[in-house]
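**Student:** What follows is the residue order along each chain.
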Amino acid sequence: MATSLNPSTTADIVARANALFEDLSFSAARAWKDAEPGRKVVGYMPIYVPRELIHAAGMLPLGVVGGGDQLEVIHGDAYYQSYICRIPRSTIELGVSGRLDFVDGMLFPSICDVIRNLSGMWKLMFPKVYSRYFDVPQNYRDEIGGNFYVNELAELRHDLGELRGKPITDEELHSSIALYNENRRLIRELYAFRAERPWQAPATEVYLMVRAGLLLPVEEHSAMLRDYLAATRADERPMRDNCRVVLTGMFCEQPPLNLIKSLELSGCYVVDDDLLLVTRWLTGEVATEGDPLRNLASAFLHHSESTAAKYEPNQKEKGQHLVRAVKRTAAEGVIFAAPSFCDPALLERPMLQHVLKEAGIPFIAFKYAENSGQMQPIREQAGTFADSIKLWSGA
Amino acid sequence: MTTPNTKIVTSKAPAKEVIKDASMLKQKEMMAAHYDRLTAAPQTGAKVAATFVPGNLNELVMCFDLVNNLPEVNAIQSGLRRVSGSYVLEAEKIGHSEDVCTYVKSDIGMMAKGNIAPNGKKFPNPDVLLLSYTGCFTFMKWFELLREQYKCETIMLHTPYMGDGKITKGMIDYMVKQLREEVIPTLERVSGVKFDIDRLRENLKRSSRAEDDLVRVLQSAKAKPSPIDAYFGGIYYIGPIFGAFRGTQDAIDYYRFLREEVEERLANGQGPVTPDGDMGKEKYRLVVEGPPNYTNFRQFWKMFYDEGAVIVASSYTKVGGVYDFGFRHDPSKPLETLAEYCLGVYTNRSLPMRIDMLVNYINEYEADGLLINSIKSCNSFSAGQLLMMREVEKRTGKPAAFVESDLVDPRYFSAANIKNRLESYFQMIDQKRSGAHAAA
Ligand code: SF4
Ligand code: SF4
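Protein chains in written order, with my numbering: chain D, 6 to 400; chain B, 9 to 448.
These are calculated hints, taken from the structure and not from any lab test.
This structure is a prediction, so every number in the text was calculated from the model and none was measured.
Ideal placement from N, C-alpha and C gives every residue a C-beta, glycine not left out.
Worth double-checking, as some hints may not be accurate.
Unchecked claim - Only pairs whose alpha carbons sit at most 20 Å apart, straight line, appear in this in silico SDA-like list of lysine to any residue:
no., chain 1, residue 1, chain 2, residue 2
1, B, K159, D, E363
2, B, K174, D, L129
3, D, K323, B, G103
4, D, K372, B, G103
5, B, K230, B, E271
6, B, K185, D, P318
7, D, K362, B, K101
8, B, K159, D, Q358
9, B, K185, D, S303
10, B, K174, D, E160
11, B, K101, D, Q358
To be verified - With beta-carbon atoms standing in for the labels, derived distance ranges:
no., chain 1, residue 1, chain 2, residue 2, range
12, B, D44, D, A197, 58 to 66 Å
13, B, E106, D, E385, 20 to 28 Å
14, B, S422, D, A235, 56 to 64 Å
Sequences are here, hints too, so could you generate the full structure?
**Tutor:** Structural data, given as structure tokens:
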């Protein structure tokens with residue numbers, strides 16, 4: 006498939022990603038499905054699913070991460086109490102309003118009780134759609150958690166094979182793994198580039214680039230990333246006197262794009278974040294020879310991101326990923342941004358803050374919702390934070 | 009056996025006599041003895057394992073002579089004693105979000121304020137945190153938070169979720185392997201006691217005997233009138249078996265005693281005992297989904313018994329184990345049975361399974377409808393309850409109602425709101441009945 010979409014400028018590429026992001030009817034995924042008879046689309050929610058399996062079945066993995074701040078939630082609120090986060094209600098809204106009516110399957114990963122329970126709701130509300138709670142091990146030994154995970158993967162592989170009408174072969178899996186290896190490599194390159202020259206890769210642009218990866222076929226997305234990297238490298242954009250921050254806590258419900266923009270406008274360059282972790286969950290290359298499920302399992306157990314949904318067996322390691330991210334990206338502070346009512350992010354927060362305190366890394370914290378409208382308080386808080394960091398480093 | 013009601017006077021409410029039946033007194037004694045055993049650990053040299061109610065492996069823990077400490081039960085005690093509010097505030101003061109589960113905050117706040125047990129003595133620090141990760145994601149964060157504080161050994165036992173409504177061989181194998189290769193060796197190391205599988209079998213045998221009697225007690229509510237309240241009263245009944253007593257002779261004795269007491273009430277055609285004495289005429293039979301509020305427990309209960317409403321079945325009394333559909337701890341397959349037990353607890357069941365259970369209760373216990381007490385703290389229970397309510401209504405044709413409160417945060421208990429909602433619900437049931445009569 007496409008190696009280059011050949012758009013001329015950074016602005017064109019970003020505009021395309023933005024159009025994909027804003028399209029609440031998922032037209033691109035619909036068009037992909039309609040292009041050939043028999044094509045199927047399988048949706049997935051945060052935080053991680055092995056998209057390789059869906060791809061290997063010839064299907065389009067479609068990231069569903071709520072409705073953002075443009076979706077009017079009419080039905081979704083009737084399903085949730087006021088003290089539950091926004092993402093499940095807007096996801097229900099997407100379902101009930103028919104926006105996901107072309108989706109043949111939905112995967113609900115193990116991230117929290119809300120999405121866990123949503124898996125059962127989906128089964129009841131959309132009985133014709135294949136839906137599955139996708140469990141992952143919290144034990145990281147190959148012969149314990151690994152075996153369990155290989156079983157889970159095998160069940161998913163089997164189910165997706167059934168959905169397509171033909172089992173998924175090892176060869177198909179190997180080649181999908183290779184494509185996703187390449188995609189993850191490009192995402193890491195993008196992140197590294199931003200950490201190095203954040204004025205050349207503003208956080209909103211990087212977000213849109215990564216988000217497009219939830220909506221496009223992986224081949225197309227890799228091409229887009231390549232084009233973006235080439236185009237933005239060639240740009241000359243002015244460097245501002247911003248401080249450098251790592252964003253954390255946004256691994257599930259998405260912040261409004263405006264929020265990310267506001268942080269930059271208030272003087273913070275985002276040099277790392279935990280947004281849309283599925284695109285870089287596995288941190289190393291997955292082997293493309295041997296047993297593909299074992300390879301995926303091994304990568305999951307030994308080379309994957311740390312986040313609140315994952316148990317950290319070693320107390321000494323707790324929160325160190327964040328300290329490492331700060332060091333790797335030469336960040337000067339951390340912004341904790343968590344969705345309101347998000348137990349995983351909010352329970353994790355004090356532990357991470359203790360670690361940062363010990364490491365002498367400054368931080369601030371606030372909450373948001375995917376449909377937050379008022380950015381002023383956040384802008385002010387981030388602005389003050391940026392100023393104090395500059396003051397510090399100047400002193 | 010005669011089981012006279014006994015009048016006791018609590019220290020909190022000196023003016024008001026609280027009626028408790030003999031089993032409740034016995035239960036109270038057992039719990040008090042457990043707290044004494046726990047707080048005496050530094051003197052006796054006993055080692056302490058902190059663990060959770062769902063997926064509680066008491067039979068195994070006892071094989072290592074460990075005393076078990078259940079932070080959820082401590083939070084409940086703090087709620088009942090009306091100190092949880094200040095603990096929650098304390099936790100918020102030291103940086104915990106107002107949005108998260110208040111069990112965790114009550115526990116953390118209690119620690120910050122000296123970690124005092126209900127008997128007025130200090131809780132010992134745990135020697136091991138047995139993170140039985142079953143049916144609730146918050147558990148994992150909770151024990152990571154405690155580990156940070158206590159810096160003690162922590163064991164993760166991951167129970168996979170029954171998303172597809174079934175227990176697979178892969179799940180059992182995974183859990184048994186964790187038990188064999190992680191849980192047991194660590195408990196051996198921490199306790200210095202060698203694992204003896206025969207001891208485990210003996211404990212399991214005792215568990216299943218107590219479980220038989222518990223089920224008979226719970227199922228007595230099928231009678232009309234029901235001799236028990238299976239939610240408010242049920243919470244007392246499950247205390248020993250969900251807590252530190254499953255697998256003990258004490259539990260066998262208690263549940264036999266309780267069963268006899270209940271059978272006697274049944275034979276006499278009596279209704280449940282409430283804090284104000286025998287409940288009047290049974291007017292409404294309800295099934296309740298969700299945990300109760302503990303800070304205003306009696307006030308909440310009173311709203312029901314004053315109206316002649318009895319809870320005939322509840323899901324909350326299944327969070328520490330679902331026994332009424334046949335599962336018993338089975339000594340012939342000791343590790344597998346522990347795995348099966350964990351997998352089957354109520355909050356580890358998929359939403360469709362939970363709905364099936366509630367529908368079954370409404371039909372089997374001939375209830376008038378479903379009441380959901382939705383708990384702000386608890387995503388595990390609460391997320392999806394509005395859909396559950398609609399589904400249960402649809403399938404049973406019985407009306408349902410929805411109230412909201414919190415477990416141990418008094419700020420979220422609005423008596424007036426709940427009372428209003430209940431009153432209209434009872435009216436709705438009346439209307440439904442007269443409609444049914446008119447149609448007949
Ligand atoms: S935002 Fe947080 S609580 Fe809500 S679904 Fe996502 S992880 Fe769960
Ligand atoms: S979220 Fe619910 S099940 Fe989990 S610890 Fe809190 S109250 Fe218990």
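**Student:** A separate judgement is required for each hint: does it hold in the structure or not?
**Tutor:** Against the structure, the hints:
1. K159/B to E363/D: Holds. K159/B to E363/D sits at ~16 Å (cutoff 20 Å).
2. K174/B to L129/D: Given that 20 Å is the threshold and the Cα spacing comes to 16 Å, the pair holds.
3. K323/D to G103/B: Since the Cα atoms of K323/D and G103/B sit roughly 18 Å apart, the hinted pair holds (cutoff 20 Å).
4. K372/D to G103/B: Holds - the C-alpha atoms of G103/B and K372/D are around 14 Å apart, at most 20 Å.
5. K230/B to E271/B: Distance of about 12 Å is within 20 Å: holds.
6. K185/B to P318/D: Roughly 17 Å separates the two Cα atoms, so the pair holds.
7. K362/D to K101/B: Within the cut-off at roughly 17 Å; holds.
8. K159/B to Q358/D: Distance ~17 Å between K159/B and Q358/D Cα, so the pair holds.
9. K185/B to S303/D: holds (18 Å)
10. K174/B to E160/D: holds (13 Å)
11. K101/B to Q358/D: holds (15 Å)
12. D44/B to A197/D: 58 to 66 Å: holds (59 Å)
13. E106/B to E385/D: 20 to 28 Å: holds (21 Å)
14. S422/B to A235/D: 56 to 64 Å: holds (60 Å)
Hint compliance for this structure: every hint is met.
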